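Colleague: Using the hints, position chain G against chain H.
For the record, the sequence lines run as chains H and G. For the first sequence, position 430 (counting from the first letter as 1) is numbered 453 according to this note's numbering, and the numbering increases by one without interruption. For the second sequence, position 161 (counting from the first letter as 1) is numbered 292 according to this note's numbering, and the numbering increases by one without interruption.
Keep in mind that a hint or two might mislead.
[What the hints assert, rightly or not] Dumping the calculated DSS-like pairs for lysine-lysine here, alpha-carbon to alpha-carbon at most 30 angstroms:
#, chain 1, residue 1, chain 2, residue 2
1, H, Lys30, H, Lys140
2, H, Lys168, H, Lys157
3, H, Lys42, G, Lys257
4, G, Lys236, H, Lys30
5, G, Lys465, H, Lys30
6, H, Lys317, H, Lys328
7, G, Lys238, G, Lys419
8, H, Lys286, H, Lys138
9, H, Lys284, H, Lys46
10, G, Lys162, H, Lys395
11, G, Lys340, G, Lys465
12, H, Lys395, G, Lys465
13, H, Lys30, G, Lys419
14, H, Lys313, G, Lys465
15, G, Lys257, G, Lys237
16, G, Lys133, H, Lys30
17, H, Lys318, G, Lys465
18, H, Lys30, G, Lys162
19, G, Lys419, G, Lys349
20, G, Lys257, G, Lys162
21, H, Lys30, H, Lys46
22, H, Lys328, H, Lys157
23, G, Lys236, G, Lys419
24, G, Lys162, G, Lys419
25, G, Lys238, G, Lys162
26, G, Lys264, G, Lys237
27, G, Lys135, H, Lys318
28, H, Lys42, H, Lys30
29, G, Lys349, G, Lys236
30, G, Lys340, H, Lys30
31, H, Lys395, G, Lys134
32, G, Lys260, H, Lys30
33, G, Lys260, H, Lys395
34, H, Lys395, G, Lys135
35, G, Lys236, G, Lys162
36, H, Lys80, H, Lys168
37, H, Lys30, G, Lys134
38, G, Lys465, H, Lys328
39, H, Lys42, H, Lys138
40, G, Lys236, H, Lys46
These are calculated hints, taken from the structure and not from any lab test. Computed from a predicted structure; not experimentally measured.
Here is how the chains run, residue by residue.
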Amino acid sequence: MTEYVGKAMPRYDGIGQVKGQTKFVDDFVLPGMLYAKALRSPVHRGLIRGIDFTAAKNTPGVVGVVTADDIPGAKRFGACGDQPVLADEFTAYLGEEIALVVAVDEDTCMEGIEKIKLDIEEQQPVFDMFEAMKPDAPLVRPDLKSNLWDYGSGMTTRVMYIGDVEQGFAEADLIVEGRYQTGEQDHSAMEPMVSVAYFDEAERLVIHTHSQCLYFQLGQLAAIFNLPMSRIRYVGGVVGGGFGGKNHIHADHLAGLAAIKFKRPVKYRYSRREDLLYSTKRGVFILEYKTGIKKDGRLTANHIKLWHDSGAYGGFSPYGVEKCSMFASGPYHIPNTRIDGQCVLTNKAGSSSMRGFTIMNGQFPMEMQMSKIADTIGMDPWELRFINAWRDGDIGASRYVVRGAGALEAMRGAAEVHGIELPEHLLAMSSRGR
Amino acid sequence: MKKKGVGMACVLHPTGNKGAGDPSNAAIQLKPDGTLVLLVGAVDLGQGSTTILRQFAADLMEVPIEHVFASNFADDFAPLSLGSFASRVTLIDPHAVENAAEDLKKKIREYASDLLEAHPDDLEYKEGKVFVKGAPDRSMTLAEVGGASMFGGGADPALLVGTGAWQPARFHPHDPETGAMPAVGAISFGACVAEVEVDTETGMVDVTKLTQVWEVGKAVNPLLVRQQINGGLHPGLGTTLTENSYPYYPNPDWAPENFSDYALPTFLDYPEETLWGIEEVPHPAGVKGAKGFSEGSTNGPPPAIMAAIHDAIGIWIDEYPATPEVILRALEAKEASG
Numbered sequence: 024m025t026e027y028v029g030k031a032m033p034r035y036d037g038i039g040q041v042k043g044q045t046k047f048v049d050d051f052v053l054p055g056m057l058y059a060k061a062l063r064s065p066v067h068r069g070l071i072r073g074i075d076f077t078a079a080k081n082t083p084g085v086v087g088v089v090t091a092d093d094i095p096g097a098k099r100f101g102a103c104g105d106q107p108v109l110a111d112e113f114t115a116y117l118g119e120e121i122a123l124v125v126a127v128d129e130d131t132c133m134e135g136i137e138k139i140k141l142d143i144e145e146q147q148p149v150f151d152m153f154e155a156m157k158p159d160a161p162l163v164r165p166d167l168k169s170n171l172w173d174y175g176s177g178m179t180t181r182v183m184y185i186g187d188v189e190q191g192f193a194e195a196d197l198i199v200e201g202r203y204q205t206g207e208q209d210h211s212a213m214e215p216m217v218s219v220a221y222f223d224e225a226e227r228l229v230i231h232t233h234s235q236c237l238y239f240q241l242g243q244l245a246a247i248f249n250l251p252m253s254r255i256r257y258v259g260g261v262v263g264g265g266f267g268g269k270n271h272i273h274a275d276h277l278a279g280l281a282a283i284k285f286k287r288p289v290k291y292r293y294s295r296r297e298d299l300l301y302s303t304k305r306g307v308f309i310l311e312y313k314t315g316i317k318k319d320g321r322l323t324a325n326h327i328k329l330w331h332d333s334g335a336y337g338g339f340s341p342y343g344v345e346k347c348s349m350f351a352s353g354p355y356h357i358p359n360t361r362i363d364g365q366c367v368l369t370n371k372a373g374s375s376s377m378r379g380f381t382i383m384n385g386q387f388p389m390e391m392q393m394s395k396i397a398d399t400i401g402m403d404p405w406e407l408r409f410i411n412a413w414r415d416g417d418i419g420a421s422r423y424v425v426r427g428a429g430a431l432e433a434m435r436g437a438a439e440v441h442g443i444e445l446p447e448h449l450l451a452m453s454s455r456g457r
Numbered sequence: 132m133k134k135k136g137v138g139m140a141c142v143l144h145p146t147g148n149k150g151a152g153d154p155s156n157a158a159i160q161l162k163p164d165g166t167l168v169l170l171v172g173a174v175d176l177g178q179g180s181t182t183i184l185r186q187f188a189a190d191l192m193e194v195p196i197e198h199v200f201a202s203n204f205a206d207d208f209a210p211l212s213l214g215s216f217a218s219r220v221t222l223i224d225p226h227a228v229e230n231a232a233e234d235l236k237k238k239i240r241e242y243a244s245d246l247l248e249a250h251p252d253d254l255e256y257k258e259g260k261v262f263v264k265g266a267p268d269r270s271m272t273l274a275e276v277g278g279a280s281m282f283g284g285g286a287d288p289a290l291l292v293g294t295g296a297w298q299p300a301r302f303h304p305h306d307p308e309t310g311a312m313p314a315v316g317a318i319s320f321g322a323c324v325a326e327v328e329v330d331t332e333t334g335m336v337d338v339t340k341l342t343q344v345w346e347v348g349k350a351v352n353p354l355l356v357r358q359q360i361n362g363g364l365h366p367g368l369g370t371t372l373t374e375n376s377y378p379y380y381p382n383p384d385w386a387p388e389n390f391s392d393y394a395l396p397t398f399l400d401y402p403e404e405t406l407w408g409i410e411e412v413p414h415p416a417g418v419k420g421a422k423g424f425s426e427g428s429t430n431g432p433p434p435a436i437m438a439a440i441h442d443a444i445g446i447w448i449d450e451y452p453a454t455p456e457v458i459l460r461a462l463e464a465k466e467a468s469g
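If we strip away everything but chain H, and leave its shape as in the complex, we get:
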């Protein structure tokens, strides 16, 4: 019997990576390959009146342009299918892609882009979630009825609950409230967004991708290109860092469209600047907590209201609200819990998944509450958490049953490694039961 599972072993592909032998997407350079760069929206919110590409097309080295008119299939994509592949009527965030200029190199692409005459009517953008929710707020996009995400049948609040929070607050000796905001970050992967697309000898469209989830994206690409999935050879598996940023399509759809139009290999890549400014990011959450506690430290109720800034399109954000809600009470047994979550559209680049996706946005405020509660009732912060931590069989906010609970083990381990002595009665507690 071999026993490799459980053994510290070097990375299978590690040596090749540190020796520079790994072939990342940007390492693919093909004979006759063209480059594409995007004309991006110069305004946060605008109506496109017209675009004159004449001078751009006449630039030496420019092969042509790609616009929404060149899309053979679906004009919209993304996890919610609401984002234009290329904007043609409106733009909803600064830097939104309107058209591609395709040329022999990227400098020539940029020269062409500078010569495009874009007639765009700038409109009043809306950035603040609470402004965006007001009935008279400007709409982030003309195709919306409201800036508040509709989960279906006009339902704009995702509710999860167990027990009865009002009852729980009535049982509490003390209530601690707080309002929290989690910031916006970029994934900052070493490999910025990039894609290479070309037709192979059998007229199949080959795309070299850094996708984190090829089968998640293949269907969207097939719809945009109006090709059967089997005519797309989607080659990936090697990624220069993702951190959730490459769950959304950033480059494959546009490299593919340019390859389809010009029947030549095309590389489309973001500069670091474009990546920081215009790729998807971790969206902001604003969360209000109201937590009820007994004097002995037992949590009786937790009512959370949360709002997630989705940016201009849905992406994974409506799901992110659900995911955050499920775990925003942390690893604690609270018999009465309610979460009201809303997803709000604003005129910013789209939010997307990022390491700890929407979970860390709920763990931070809950742990701030726990620290404040310990401070308020004068209890040791470890003890407060030990008393309330999940045991097997406890029920979470979305009614899942906890199995394999390990919060006590993690805390005991951390105390030991850090050199903190915990009292005997905490060490005697078990995750297997209360």
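Modeller: Okay, now just chain G, sitting in the frame of chain H:
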């Protein structure tokens, strides 16, 4: 003046899509020389999915790990996988590999039954060999089985590729009536202790000592677990103290467009004492109790560091990042309010 403080946090991280319906496939092919190729759809972003799935495959096929080659080059022949996100791979993909290994062993027994002149049920697979139960000298190695399959040694040809699939649960969407969304693959737990020094003149926060311990079910590869714990601290530190794509949120203007303005931590920002630890509570849903946890190592540092800042200066900072500007403004406000 430099003020010291200590804080802690206890956090979780769930594994897999929360509504479940989150399948992965795997395939193991026997080559004519007896070596194996493992095909998985999980994308290796540097997190090491290929490394750990190869460990599982070698154990399940009971062969030296050097005989297992792994490919995650998602292409025409890549098995289906929803992808590498939501810390899902360590919980889900090993089941697919396990099922693929069982399938391959069954096909090997079936193919070898003619060559060993025994019913497949009377054959056993162990340590890279197939043999007649009770008569271990009547056996074939993987190389002999693979070679025979290539050159038609058996009565019928055989495709010696084992395939397997697994998902934690059927997809369960949010129920608007009850709020239920009960399908959760597994949950991992982490605890973090942070010690800080806050410079009340500059507003700078220096994290001097930080411990993270994660309960991971089963540490499939403790080296990679350690790298994930200490690697997740990187965005953990940046998120808490420096990184901000929209410094004037909700206004997105003046967004940083280079790494001078978008301040990622460097190794110099890492705590002088960066400590870590692994705990294991085998999870009932995981192969050998394994579950994913990696993303979670970003979840603990923000609240632990904020609690330490409160311990140092007596102020709760309720939003991150706690940049020097935020700290100084909070100190000023505290002074103004007496």
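Colleague: If a hint holds in the structure, say so; if it does not, say that too.
Modeller: How the hints compare with the structure:
1. For the suggested pair Lys30/H and Lys140/H, the alpha carbons sit about 61 angstroms apart, so the restraint of at most 30 angstroms is broken.
2. Taking the CA atoms of Lys168/H and Lys157/H, the gap is near 12 angstroms; set against the 30 angstroms cutoff, the hint holds.
3. The suggested pairing of Lys42/H with Lys257/G is violated, with an alpha-carbon distance near 37 angstroms, which exceeds 30 angstroms.
4. A C-alpha spacing of about 24 angstroms is found between Lys236/G and Lys30/H, which places the hinted pair at or below 30 angstroms, so the restraint holds.
5. Note on Lys465/G and Lys30/H: the hinted pairing is violated, with a Cα-Cα distance of about 52 angstroms set against a maximum of 30 angstroms.
6. Proposed proximity of Lys317/H and Lys328/H is supported: the alpha carbons are some 22 angstroms apart, at most 30 angstroms.
7. A threshold of 30 angstroms between alpha carbons decides the hint, and for Lys238/G with Lys419/G the separation of about 24 angstroms falls inside it, so the pair holds.
8. A C-alpha spacing of about 24 angstroms is found between Lys286/H and Lys138/H, which places the hinted pair at or below 30 angstroms, so the restraint holds.
9. Note on Lys284/H and Lys46/H: the hinted pairing holds, with a Cα-Cα distance of about 27 angstroms set against a maximum of 30 angstroms.
10. Distance hint between Lys162/G and Lys395/H is unfulfilled; the C-alpha atoms sit about 61 angstroms from each other, more than 30 angstroms.
11. Using a Cα cut-off of 30 angstroms, the hinted pair Lys340/G and Lys465/G holds, with the two alpha carbons roughly 27 angstroms apart.
12. Distance restraint check for Lys395/H and Lys465/G: the Cα-Cα separation of roughly 17 angstroms lies within the 30 angstroms cut-off, and the hinted pair is therefore satisfied.
13. At most 30 angstroms may separate the alpha-carbon atoms for a hinted pair to count; Lys30/H and Lys419/G meet this at roughly 13 angstroms.
14. Taken as a hint, the Lys313/H and Lys465/G pair is honoured in the structure, with Cα atoms around 24 angstroms apart against an allowance of 30 angstroms.
15. As the CA atoms of Lys257/G and Lys237/G are separated by approximately 12 angstroms, the hinted pair is consistent with the 30 angstroms bound.
16. Restraint check for Lys133/G and Lys30/H: not satisfied, since their Cα atoms lie roughly 43 angstroms apart, outside the 30 angstroms limit.
17. Between Lys318/H and Lys465/G the CA atoms are separated by roughly 28 angstroms; this keeps the pair inside 30 angstroms, and the hint holds.
18. Restraint check for Lys30/H and Lys162/G: the C-alpha separation of about 26 angstroms stays at or below 30 angstroms, so the hint holds.
19. Taken as a hint, the Lys419/G and Lys349/G pair is honoured in the structure, with Cα atoms around 7 angstroms apart against an allowance of 30 angstroms.
20. At most 30 angstroms may separate the alpha-carbon atoms for a hinted pair to count; Lys257/G and Lys162/G meet this at roughly 18 angstroms.
21. Taking the CA atoms of Lys30/H and Lys46/H, the gap is near 28 angstroms; set against the 30 angstroms cutoff, the hint holds.
22. Taking the CA atoms of Lys328/H and Lys157/H, the gap is about 17 angstroms. The hint holds against a cut of 30 angstroms.
23. With a CA separation close to 19 angstroms, the supplied pair Lys236/G and Lys419/G stays within the 30 angstroms bound.
24. For the suggested pair Lys162/G and Lys419/G, the alpha carbons sit about 27 angstroms apart, so the restraint of at most 30 angstroms is met.
25. Between the alpha carbons of Lys238/G and Lys162/G the distance comes to roughly 14 angstroms, so the proposed pair stays at or under 30 angstroms and holds.
26. Proposed proximity of Lys264/G and Lys237/G is supported: the alpha carbons are some 15 angstroms apart, at most 30 angstroms.
27. Taken as a hint, the Lys135/G and Lys318/H pair is honoured in the structure, with Cα atoms around 29 angstroms apart against an allowance of 30 angstroms.
28. Between Lys42/H and Lys30/H the CA atoms are separated by roughly 24 angstroms; this keeps the pair inside 30 angstroms, and the hint holds.
29. The straight-line distance between the Cα atoms of Lys349/G and Lys236/G is roughly 25 angstroms, inside the 30 angstroms bound, and the hint therefore holds.
30. A threshold of 30 angstroms between alpha carbons decides the hint, and for Lys340/G with Lys30/H the separation of about 28 angstroms falls inside it, so the pair holds.
31. Taking the CA atoms of Lys395/H and Lys134/G, the gap is near 20 angstroms; set against the 30 angstroms cutoff, the hint holds.
32. Pair hint Lys260/G plus Lys30/H holds up; C-alpha atoms about 24 angstroms apart against a cutoff of 30 angstroms.
33. For the suggested pair Lys260/G and Lys395/H, the alpha carbons sit about 61 angstroms apart, so the restraint of at most 30 angstroms is broken.
34. Distance check on the hinted pair: Lys395/H and Lys135/G sit about 18 angstroms apart at the alpha-carbon level, within 30 angstroms; holds.
35. Our distance criterion of 30 angstroms between C-alpha atoms is met by Lys236/G and Lys162/G, whose separation comes to about 14 angstroms.
36. A threshold of 30 angstroms between alpha carbons decides the hint, and for Lys80/H with Lys168/H the separation of about 38 angstroms lies outside it, so the pair is violated.
37. For a cut-off of 30 angstroms, the pair hint linking Lys30/H to Lys134/G is broken: about 42 angstroms separates their Cα positions.
38. Simply put, Lys465/G and Lys328/H have alpha-carbon atoms about 27 angstroms apart, close enough for the 30 angstroms limit, and the pair holds.
39. Only pairs whose Cα atoms come within 30 angstroms are accepted, and Lys42/H paired with Lys138/H is rejected, the gap being roughly 42 angstroms.
40. With a CA separation close to 34 angstroms, the supplied pair Lys236/G and Lys46/H exceeds the 30 angstroms bound.
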